[in-house]
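K.L.:
For reference, the chains in residue letters:
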Amino acid sequence: MNSAAVSGKNGSSARIALAPPGKAGDKVFRLLTWLMAMMVLVLLALVGWTLCKGSAPSMTKFGWHFFNRSNWDPVSGDFGALTFIYGTFISSFIGLLIALPLSLATAVYLTELAPGWVRQPAISMIEMLAAIPSVVIGLWGIVVLVPWLRDGPYPLLLKHFAFLRIFGGPTTGFCIFTAAVIIAIMILPIITSISREVLRAVPDSQREAAFALGATRWEVTRLAVLRYSTRGIFGAAMLGLGRALGETMAVTMVIGNADVISTSLLSPGNTLASKIANEYAETSAFSNKGINLSALFELGLMLLLVTVVTNILARLLIGAMGARQTAAT
Amino acid sequence: MTKDTQLPALKSAPPAPAPVPPAAQAAAAGTAATFDVRQLNVWFGSHHVLRNVSLEILPKAVTAIIGPSGCGKSTFLRSLNRMHDLVPIARVEGRITLFGEDLYGRGVDATLVRRRVGMVFQKSNPFPTMSVAENVTVGLRLNGLRQKDLLLERMERSLRMAALWDEVKDRLNANALSLSGGQQQRLCIARALAIEPEVLLMDEPASALDPLATAKIEELILQLKQDYTIVIVTHNMQQAARISGHTAFFYLGELIEFDQTNRIFTNPKQKQTEDYVTGRFG
Amino acid sequence: MNRWYHHWRKIKSSGVSALCLICAVVVIAPLAFVLFDCLKKGASSLDLAFFTQLPNPPGESGGGMANAILGSLTLLGLAGLIGIPVGVLGGIHLSEFGSPRMNWAVRFAADILNGTPSIVWGIVVYALVVLPITGYSAYAAGLALGFMMIPLIIRTTEEMLVLVPNSYREAAFALGIPHWRIVLNIVLKTAGKGIITGILLAAARVAGETAPLLFTALGNDSWSHNLSQPIEALPHKIFIYATSPYGDWVRQAWAGALVLILFVLALNIGVRLMTRGSAPHLAR
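Chains as they are written, first to last, in the working numbering: chain A, 10 to 338; chain B, 74 to 355; chain C, 121 to 404.
Read the hints as simulated data drawn from the structure, not as lab findings. Worth double-checking, as some hints may not be accurate.
[Stated by the list, open to error] Taking lysine-lysine and the DSSO-like style, the derived pairs with C-alpha atoms no more than 30 Å apart in a straight line are: (1) C:K313 to A:K36; (2) B:K196 to B:K289; (3) B:K298 to B:K196; (4) B:K221 to B:K344; (5) B:K196 to C:K130; (6) B:K196 to C:K313; (7) B:K221 to C:K309.
[To be verified] Per the computed footprint, the stretches of chain B lying under chain C, defined by three or more beta-carbons under 8 Å from a beta-carbon of chain C, are: (8) 152-161; (9) 207-216; (10) 323-334.
Every residue gets a Cβ at the ideal spot worked out from N, C-alpha and C, and that includes glycine.
The shape of chain A in the complex, shown without the other chains (with noise of 0.2 Å):
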């Protein structure tokens, strides 16, 4: 390499050879970045293939009657998923009834009402909630929440309420109302953000024109806001059903663990994740282990088709609502 260049003068100095590319380069890049890309679907497809795959023989055996009967008994090798699928939906929709409105309520206050140096500290805190691991509140649950409820709350319900046979008693504590309590807990962050994002996407000319028509702070949060939002809310409370229907850990240390259904929500139960989670410890000694392992992965195929299925249509719902904004504006 000859570097005989004055500088300033370049007439005399040698053109610098470099590297010919070369086609090998961009094609070996491209079609790594391209596998590792595949992998993604390749996963799914593996997700799906191996829980269809275990839940075979306990599908083919027990076939429809595995949803309406709630018999789940390792020793005889008969199994039933209606205790867990009654106690998925219980516990989450109660969780839901009981963010939603709370969540909503929160992010019409960070959007609307909260004063600028307000908002982005609470915002801030409400995220560092969704971070807190599942373990953690369920800790939290067992040894805080459990005894307060049960203490407090719990009794004033059996003795005013136990008319309506949802409030039936004696309890523990560790029952299906306070696993809808903590799923509450974990899924107001999520519900919180996806309802500020849908209000903070109505374009401000709506709520202008509704003061310019004298409506009080209310009154056009009420008309221009909520009103126009109601998809994507619908989206944002079907995100948050999602997840509180896979949320395991911090369920299973308060919901209590029994295989019972009962038209008490102070009695304790199981949902499918939290069923799953309790016999791990029990792999090992699987009777019927066939089985009992396929009972196991036909609880998970079902967790997973609906969760899939909850956050398709929240998508769906929440995409909605963007199509619709561009049009309008």
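Got chain A; can you put chains B and C on it based on the hints?
P.N.:
For chains B and C alone, kept in the frame of chain A given last:
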């Protein structure tokens, strides 16, 4: 730039013998064309953007491309360094030769074309994570040159050629974005010059700059034309009149007129050219 | 009548605003409670023994969670080994090379996987790896966590790369640089900060997961020298101790929870600080 050193061939395979175009025949006489464009047509999807453009770009001179917005000036410029390869819906037909070699021939590597034909863009775009020095040498480093002393020497040379050395020599390691707008554009010119192209394409290089910075860039171009072929797209007619030797006027995707600059502006042959340079439209 | 009705509307509006404020407080309260309780109940147990000693047998007080902490870090490393390269390279493909159809399919699959309950990952890896190949092992647990990281990182990487302005790619092409070098040395470098924050967030998420470990790592009470053997991790240890009848174990569970919370929150706050101003959509 002397021609007696070995230039990297455009093709990776030995070139097939091509018919000798008239421009190359004149090469011996010393008035060889840098670019010989024949019947260039460009489509973006079904939109016919350039129609049957033919002209010759002369070496060691400044050629200006003028015309109203949307007339295809930038499209023409980008055909000269195969930037349209990056746009999936673009289709280029026709023949463009660089010093006699077909740019779009079979087996020609576009990357090698772009090492010989450099480009400076309208909005300066120095790489934001790199220092001034790193920006200038990036074309050399990422093309395999590692020797520090060579890199330093080339960097200083390019910065001097871009009339930027004195202003940045004390802050070569500062982030490139700490320079002013005009300095950033000269940095981009230095970056393009560092890989030693033979041609410099400039797409409205001064349109985003204030008059003082613009004047510096124009002065720089007049200096550079001693060693490089320069093709500059500009919407500023006075600029074209100031710095170019030849001017091409485009309108609605067609080349209307191509002639020496002073003739285009004082005695144009086509009525459309006259209307444009006198400001009746555009 | 008009004035009275107008007052009523204003009162109603103030009332609703107050209600919303109360709801906001109720939403933030659990965070405050959990953090406060972790600090109160856990801080006093964070002595040197906690960080350096192995667990004592059940019923015996004392001992520590040293192996669980180390195990968590080990699993995080294993998970990253799989999750980071696959996620980042996959994200590069979606942003720089992908076709609209493939991109839609990969994004859709990634979103579904991101919404999948983590216990499903646990039983899937149990069937794929634990039963046929390795038994309960650090490898299996690391694989499950790594699988969880892939769809997370691929999405954040793609989002960050797409934000890099095209003018930089153009300028690099005009210099005759090969495409792959442009992607690695220029585009990736420009988006670097954002991509790293995506990785850190995925790590924080995965570090706190317990459910996948139930079917893959099993847990143990000693140091893990062999990665093809069961391994303990902090979230799993907290779960075991919290659901046990031993008061001393519950006390240690609080300490472990405090450590875990501080680790996860530190990562999240670190990310927030890194992205302040530069990636507005991440720092929502």
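K.L.:
Decide, hint by hint, whether the structure agrees.
P.N.:
Now for the hints, and whether the structure bears them out:
{"no.": "1", "hint": "C:K313 to A:K36", "in the structure": "holds (27 Å)"}
{"no.": "2", "hint": "B:K196 to B:K289", "in the structure": "holds (16 Å)"}
{"no.": "3", "hint": "B:K298 to B:K196", "in the structure": "holds (22 Å)"}
{"no.": "4", "hint": "B:K221 to B:K344", "in the structure": "violated (56 Å)"}
{"no.": "5", "hint": "B:K196 to C:K130", "in the structure": "violated (53 Å)"}
{"no.": "6", "hint": "B:K196 to C:K313", "in the structure": "holds (24 Å)"}
{"no.": "7", "hint": "B:K221 to C:K309", "in the structure": "holds (22 Å)"}
{"no.": "8", "hint": "152-161", "in the structure": "holds (count 3)"}
{"no.": "9", "hint": "207-216", "in the structure": "holds (count 4)"}
{"no.": "10", "hint": "323-334", "in the structure": "violated (count 0)"}
Hint compliance for this structure: hints 4, 5 and 10 are broken, all remaining hints hold.
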